[in-house]
Amino acid sequence: MLRVDIHKRLGTTLLDVTFESAGGVTALFGHSGAGKSSVVNMIAGLLRPDRGRIELDGKCLDDPDARIHVAAHRRRIGYVFQDARLFPHMSVAQNLDYGRRMNGLPYDAAEEDRILRMLDLEALRLRRPGKLSGGEKQRVALGRALLSRPNLLLLDEPLGSLDEARKAEILPYLIRLRDQEKVPMVYVSHDPDEVRRLATQVLRLEAGQVIARGGIEVLPQRRAAPVASEQSTAL
Amino acid sequence: MFEISETAWTAITLTLRIAVVATLVAAPLGIAVAWLLARKRFPGKVFIESLVHLPLVLPPVVTGYLLLLTFGRRGAVGAFLADHFGIVLSFRWTGAALACGIMGFPLLVRPIRLSFEAIDIRLEQAAKTLGASPWRAFRTVTLPLALPGIIAGMVLCFAKAIGEFGATITFVSSIPGETQTIASAVYALIQTPAGDREATQLIVISMILAFGALLLSEWFARRAVSRMRGE
Chain A
1 MLRVDIHKRL
11 GTTLLDVTFE
21 SAGGVTALFG
31 HSGAGKSSVV
41 NMIAGLLRPD
51 RGRIELDGKC
61 LDDPDARIHV
71 AAHRRRIGYV
81 FQDARLFPHM
91 SVAQNLDYGR
101 RMNGLPYDAA
111 EEDRILRMLD
121 LEALRLRRPG
131 KLSGGEKQRV
141 ALGRALLSRP
151 NLLLLDEPLG
161 SLDEARKAEI
171 LPYLIRLRDQ
181 EKVPMVYVSH
191 DPDEVRRLAT
201 QVLRLEAGQV
211 IARGGIEVLP
221 QRRAAPVASE
231 QSTAL
Chain B
236 MFEISETAWT
246 AITLTLRIAV
256 VATLVAAPLG
266 IAVAWLLARK
276 RFPGKVFIES
286 LVHLPLVLPP
296 VVTGYLLLLT
306 FGRRGAVGAF
316 LADHFGIVLS
326 FRWTGAALAC
336 GIMGFPLLVR
346 PIRLSFEAID
356 IRLEQAAKTL
366 GASPWRAFRT
376 VTLPLALPGI
386 IAGMVLCFAK
396 AIGEFGATIT
406 FVSSIPGETQ
416 TIASAVYALI
426 QTPAGDREAT
436 QLIVISMILA
446 FGALLLSEWF
456 ARRAVSRMRG
466 E
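Residue numbers (this note's numbering), protein chains in the order written: chain A, 1 to 235; chain B, 236 to 466.
So that you can see chain A by itself, here it is in the shape it has in the complex (with noise of 0.2 Å):
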């Protein structure tokens, strides 16, 4: 169970977010500037809230007040960046084990080998990341964030970057991942249809303010061009 209560001034914008997710996708949904991106960094604690209280399955992440911040590194929250981020010195490989092996965590090949089959990366695994294509590198981002083993994974924009086929080409991963992981997962998005696919929750940011939450109703009207439907796309 995730549970936010943050507040941060960002310039001259006064963020103020609450909401409470106990698995499944939450989306953050709004144009950029919202403060969408403000929220997961402070999630993953990669930025500090001025007031509030973040807290993940009962565990106190932060707490200004209580002058309670835990780093990042000790939050074991995965979190996929819009520009992936992979290390460009190691190969694909080295970047699916770092999480693991900075984790401490034992080597289970049974678990690699899933996540490897679900984002379809086994044929990537000796590449380096400078030789992969946009869609590719965030599969593997995804698999690194999944292989540290997480309790909850950010997503910030991870389809911001791609062009729409590439969208096209990734979205299917995300749904399964939603489907198979028990991880819950907060996603940031600006596109309306990314987040109808794939949300169980929706946040509608605005200036810093949640200004609807629910379900997928709470996202503007679908746009007039047609949209592929799930079924002609899911793998």
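Derived from the structure by calculation, the hints contain no laboratory data.
The beta carbon of each residue, even a glycine, is placed where N, CA and C say it ideally should be.
Careful, some of the hints might be misleading.
[To be verified] What the simulated footprint calls covered on chain A by chain B, stretch by stretch (three residues with Cβ under 8 Å from a Cβ of chain B suffice, anywhere in the stretch; the number is not a length): (1) 79-87; (2) 91-105; (3) 141-149.
[To be verified] One-sided excerpt, in silico: chain A residues whose CB lies under 8 Å from chain B: (4) Ala-44; (5) His-73; (6) Arg-128; (7) Gly-130; (8) Lys-131.
Keeping the supplied structure of chain A fixed, place chain B upon it in accordance with the hints.
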């Protein structure tokens, strides 16, 4: 021409020893200073930056004299080192290594600093979300990415140490077998009527060493770029 004399050979091995020690001792400090200058903002940063670059612009004789004042037997630091640890630097090869390390320091720091500045700090953030402590993130991500820059800086510092003359001769003089490096041996030889042949030998050798070091440094700098691109 290629029969190297005893004196020349001693100067060559001594120079290499001094240059290696100077580079190896200066490197960790150089990495720390380069990291501070690349990543941190703090009061007095401009002062540190100027201090690091000072040996480049000061006349080497002045640097040598300042070293003598500070690290000489009666200097503030020199007296302390001699009384408490029995370490004497003036007129010793270790003093020559100190002078060379200081003269090479700006050349060491610059490529390392540029390497650190070129590394995306967000990669360290990614490492932290994967469970790496700040120190391990530095060790496993930043340091390996900066490695070609670190080696390029070390090669430049080494090359500078091989050619260093002014500060060294002022601080430790030119004692054959103890502090007479290639540069000070050449200087002594060209002042002797029969020293031309030996001097030429040493000049050719020092040119080969310096040119080789620059080529190597350039190669590592190129390597840094492809490493950063993940190729």
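Against the structure, the hints:
1. Under a criterion of three residues with beta carbons nearer than 8 Å to beta carbons of chain B, the stated coverage of the stretch 79-87 of chain A is upheld, 6 such residues being counted.
2. Judged by the Cβ-Cβ criterion of 8 Å, the stretch 91-105 of chain A is covered by chain B as claimed, because 4 of its residues qualify and three suffice.
3. Check on the stretch 141-149 of chain A: 3 of its residues sit with their Cβ under 8 Å from a Cβ of chain B, so the three-residue criterion for coverage holds.
4. Here the hint on A/Ala-44 is kept, as its CB sits about 5 Å from the closest CB of chain B, short of 8 Å.
5. Here the hint on A/His-73 is kept, as its CB sits about 5 Å from the closest CB of chain B, short of 8 Å.
6. Given hint, A/Arg-128 at the interface with chain B, holds; its Cβ is 5 Å from that chain's nearest Cβ, closer than 8 Å.
7. Residue-level restraint check for A/Gly-130 holds (minimum Cβ-Cβ distance to chain B is 3 Å; threshold 8 Å).
8. Checking A/Lys-131 against chain B by beta carbon gives a least distance of about 7 Å; that is within 8 Å, so the hint holds.
In this structure, none of the earlier numbered hints is contradicted; all agree with it.
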